[in-house]
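Chemist: Sequence:
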Amino acid sequence: MIGQRLYQKLIKRMLDCIFASLLLVIFSLPMIVIAGTIWLVTHENPIFKQTRFGRHSQPFEVYKFRTMVGSAPLVSHQDFHNRDAYVTTVGKFLRRTSLDELPQCFNVLRGEDELCGTATVSSIRYGSY
Numbered sequence: 398m399i400g401q402r403l404y405q406k407l408i409k410r411m412l413d414c415i416f417a418s419l420l421l422v423i424f425s426l427p428m429i430v431i432a433g434t435i436w437l438v439t440h441e442n443p444i445f446k447q448t449r450f451g452r453h454s455q456p457f458e459v460y461k462f463r464t465m466v467g468s469a470p471l472v473s474h475q476d477f478h479n480r481d482a483y484v485t486t487v488g489k490f491l492r493r494t495s496l497d498e499l500p501q502c503f504n505v506l507r508g509e510d511e512l513c514g515t516a517t518v519s520s521i522r523y524g525s526y
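Residue numbering for the sequence shown follows my numbering, beginning at 398 and increasing consecutively.
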């Protein structure tokens, strides 16, 4: 039973790495274009990093394409009525198409995240559990 479970985890990890690598190869040129476009629009780092908690509550930095201006609040609170005021035009498109999630393939390759599996918890929400 233990051997079978270990085998399933190993196969899952291999498939995650294969598919994440394929996604990065296929979307490498679009990712370069997206990063350049974000930088031209916001003049900020196109990659947004956020601390998340993964397996065994281990913190790690998750990577995403920036979809909001840098002055946007890190925490969505009561005064955060109009989030559209912070989302860039490029960001709206990236969110609608889920292309803002592509950099997370690097997290998958590093073993911090999975393509299919349990969702990670942001550090902001972690305190409420």
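You may find that some hints are simply not true.
[Said to hold, decoys possible] List time: in silico DSS-like cross-link candidates among lysine-lysine, alpha-carbon distance up to 30 Å: (1) 461 - 406; (2) 446 - 489; (3) 406 - 446; (4) 409 - 461; (5) 409 - 446; (6) 446 - 461; (7) 461 - 489.
Please keep in mind that the hints were generated in silico from the structure rather than gathered at the bench.
Chemist: Take the hints in turn and mark each one as holding or not.
Modeler: Results for each hint:
Note on residue 461 and residue 406: the hinted pairing holds, with a Cα-Cα distance of about 26 Å set against a maximum of 30 Å. Note on residue 446 and residue 489: the hinted pairing holds, with a Cα-Cα distance of about 18 Å set against a maximum of 30 Å. At roughly 27 Å between alpha-carbon atoms, residue 406 and residue 446 fall within 30 Å of each other, so this suggested pair holds. Restraint check: the Cα-Cα separation between residue 409 and residue 461 comes to about 23 Å, which is no more than 30 Å; the hinted pair holds.
Restraint check for residue 409 and residue 446: satisfied, since their Cα atoms lie roughly 25 Å apart, inside the 30 Å limit. Distance check on the hinted pair: residue 446 and residue 461 sit about 7 Å apart at the alpha-carbon level, within 30 Å; holds. Proximity of residue 461 to residue 489 is assessed by CA-CA distance (about 14 Å); at most 30 Å being required, the pair is judged to hold.
In summary, this structure violates none of the numbered hints.
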